[in-house]
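These protein sequence lines map, in sequence, to chains W and D.
Quick note on numbering: the first sequence equals residues 1 to 231 in the UniProt record's numbering.
Quick note on numbering: the second sequence equals residues 1 to 231 in the UniProt record's numbering.
Certain hints may be false.
Copies of the same chain look alike in the list, so a pair counts if it fits in one copy or across any two.
SDA-like cross-link-like pairs, simulated, lysine to any residue; straight-line CA separation at most 20 Å [stated by the list, open to error]:
1) Lys188 x Pro20
2) Lys93 x Gln74
3) Lys180 x Leu110
4) Lys93 x Phe46
5) Lys93 x Trp50
6) Lys180 x Gln87
7) Lys180 x Ser222
8) Lys93 x Tyr30
9) Lys93 x Gln52
10) Lys180 x Arg79
11) Lys180 x Ala136
12) Lys93 x Glu48
13) Lys93 x Gly78
14) Lys224 x Ser133
15) Lys114 x Asp145
16) Lys188 x Leu161
Calculated directly from the structure, the hints in this document are not laboratory data.
Protein chains: 2
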Amino acid sequence: MTTLQLIAFDADDTLWPNQPHFDYAEEQLYALLTHYADADTLGRRFYEVWRQNMHLFGYGAKSFMLSMIETVIQLTNGRVTGNEIQQILDYGKRLLDFPIELLPHVEEVLAELKQRGVPLMLLTKGDLFDQESKLARSGLGDYFDHVEIVSEKNEATYRRLLMRYQVRPEDFVMIGNSLKSDVLPVAKLGARAVHVPYHATWIHEEVPADQLVGITFHRADSLKEALAYLP
Amino acid sequence: MTTLQLIAFDADDTLWPNQPHFDYAEEQLYALLTHYADADTLGRRFYEVWRQNMHLFGYGAKSFMLSMIETVIQLTNGRVTGNEIQQILDYGKRLLDFPIELLPHVEEVLAELKQRGVPLMLLTKGDLFDQESKLARSGLGDYFDHVEIVSEKNEATYRRLLMRYQVRPEDFVMIGNSLKSDVLPVAKLGARAVHVPYHATWIHEEVPADQLVGITFHRADSLKEALAYLP
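Just chain W, same shape as in the assembly (with noise of 0.2 Å):
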């Protein structure tokens, strides 16, 4: 009996830096608008309105701005300057269109599991929009013979691919530098997670301990050290 084996991508922190550039906006804005607060009640403040907000807003660079000029109308009460709330979205478009550098070994990685002939898909959470425009701007479309962008990385997600693309959960190999979106709801489904950790990981992603016990997935210091993990 033939199988369809899949090997997916995680994007953003696993094929090209992500969140620095997002570190980077918010240490930016938060030295512009010192004058009103210092950078970790910003952040502290930044953090709770994104949260409130994310039902609403989702993930990615708008939602970053929306969010951002929420905060600081609030922590003003309305006295931010217009020009101030320019500077955000100054801040936010380059969120929307820094060049993408790939992050070491992905094109070799991603050339050689073309070569052994398993499909490969690029399975991205956030604004899909961005996240197309990443996908092209990084130059590896080509490399994928799926692309899925989708609004949360949870179990119900990732059984609703297997289900459409036919795979079964032990044919299935997820990539990815989040604990919380790439391993944890792969691994409970009976497939197979590789972590590839990334220095800079987002506050909203990161994973308590005790949810890891008992969770089987293999660690990856590099992209091509996880090729050892993939059929």
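Knowing the structure of chain W, use the given hints to seat chain D on it.
Structure of chain D alone, referenced to chain W:
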């Protein structure tokens, strides 16, 4: 030889009103900002800014808010107040969670097609997170075998989807209110398009008459009438 058939429905202004909510938000905001400029000026400037930002922000309510904020900052040379910008955010948030009211005959038509046994797809462009939320709020999720949310509905998009679902153009029908997105690219591929016009058409979706010369499609005054053109 068995062939797969597929019927796809557009969502906004085909299954439920959407544009009227945006029109209402614009109207209210222009009334609020009337001490800076009249509604015509605001509307014209907004559309210019929106178009310039389109390649970064895409479609949808978040894009609407960000471009509206930028428009007012520009028009007022930064004098717009934080509280006025908060009003833009508040109207914009309502665009992300208004109750979905179905257009006439929607449930009746979907139930009838479900009985006929042809697979149904919801095929909409826009913001992934927002469109998923609207579908959930509509209560129509169970009628659809497939949901595809895309960043643009052009010939390339339709070609890719027909490939993915292994459907021949002659076995595909698209139903929607937009000549630009639901009719023209579909008819050009040799598939069937049923245009169900809606009273509020977004300026960005308008098509000059000469582009329709030689294009064959059906026009129905309601979804119920559209049934006559469906397998």
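Against the structure, the hints come out as follows:
Taking identical chains as interchangeable, the C-alpha atoms of lysine 188 and proline 20 are never at most 20 Å apart, the minima being 29 Å within one chain and 44 Å between chains. Taking the shortest alpha-carbon separations for lysine 93 and glutamine 74, only the inter-copy value of 16 Å comes in at or below 20 Å, while the best intra-copy value is 22 Å. In this assembly of identical chains, the alpha carbons of lysine 180 and leucine 110 never lie at most 20 Å apart, being 24 Å within a copy and 37 Å across copies at closest. Within a single copy, lysine 93 and phenylalanine 46 get their C-alpha atoms as close as 18 Å, and across copies as close as 17 Å, so both meet the 20 Å cut-off.
Taking the closest pair of Cα atoms, lysine 93 and tryptophan 50 come within 20 Å of each other both inside a single copy (18 Å) and across two copies (13 Å). Within a single copy, lysine 180 and glutamine 87 get their C-alpha atoms no closer than 32 Å, and across copies no closer than 35 Å, so neither meets the 20 Å cut-off. Proximity of lysine 180 and serine 222 under a CA criterion of 20 Å is satisfied intra-copy only: 19 Å inside one chain copy versus 45 Å between copies. In this homomeric assembly, lysine 93 and tyrosine 30 come within 20 Å of each other (Cα to Cα) only inside a single copy, at 17 Å, whereas the closest approach across copies is 25 Å.
Proximity of lysine 93 and glutamine 52 under a CA criterion of 20 Å is satisfied inter-copy only: 12 Å between copies versus 22 Å inside one chain copy. With identical chains, the CA atoms of lysine 180 and arginine 79 are never at most 20 Å apart, being 38 Å at best within one copy and 43 Å at best between copies. With identical chains, the CA atoms of lysine 180 and alanine 136 are never at most 20 Å apart, being 26 Å at best within one copy and 24 Å at best between copies. Only between protomers do lysine 93 and glutamate 48 lie at most 20 Å apart by alpha-carbon distance; the minimum there is 17 Å, versus 22 Å within a single protomer.
Taking identical chains as interchangeable, the C-alpha atoms of lysine 93 and glycine 78 lie at most 20 Å apart only when they sit on different chains, with a minimum of 18 Å there against 23 Å within one chain. Within a single copy, lysine 224 and serine 133 get their C-alpha atoms no closer than 25 Å, and across copies no closer than 38 Å, so neither meets the 20 Å cut-off. When the C-alpha separation of lysine 114 and aspartate 145 is checked against a cutoff of 20 Å, the pair qualifies only within one copy, where the shortest distance is 10 Å, while the shortest distance between copies is 31 Å. For the homomeric pair lysine 188 and leucine 161, the shortest alpha-carbon distance inside one copy (15 Å) is at most 20 Å, but the shortest distance between copies (30 Å) is not.
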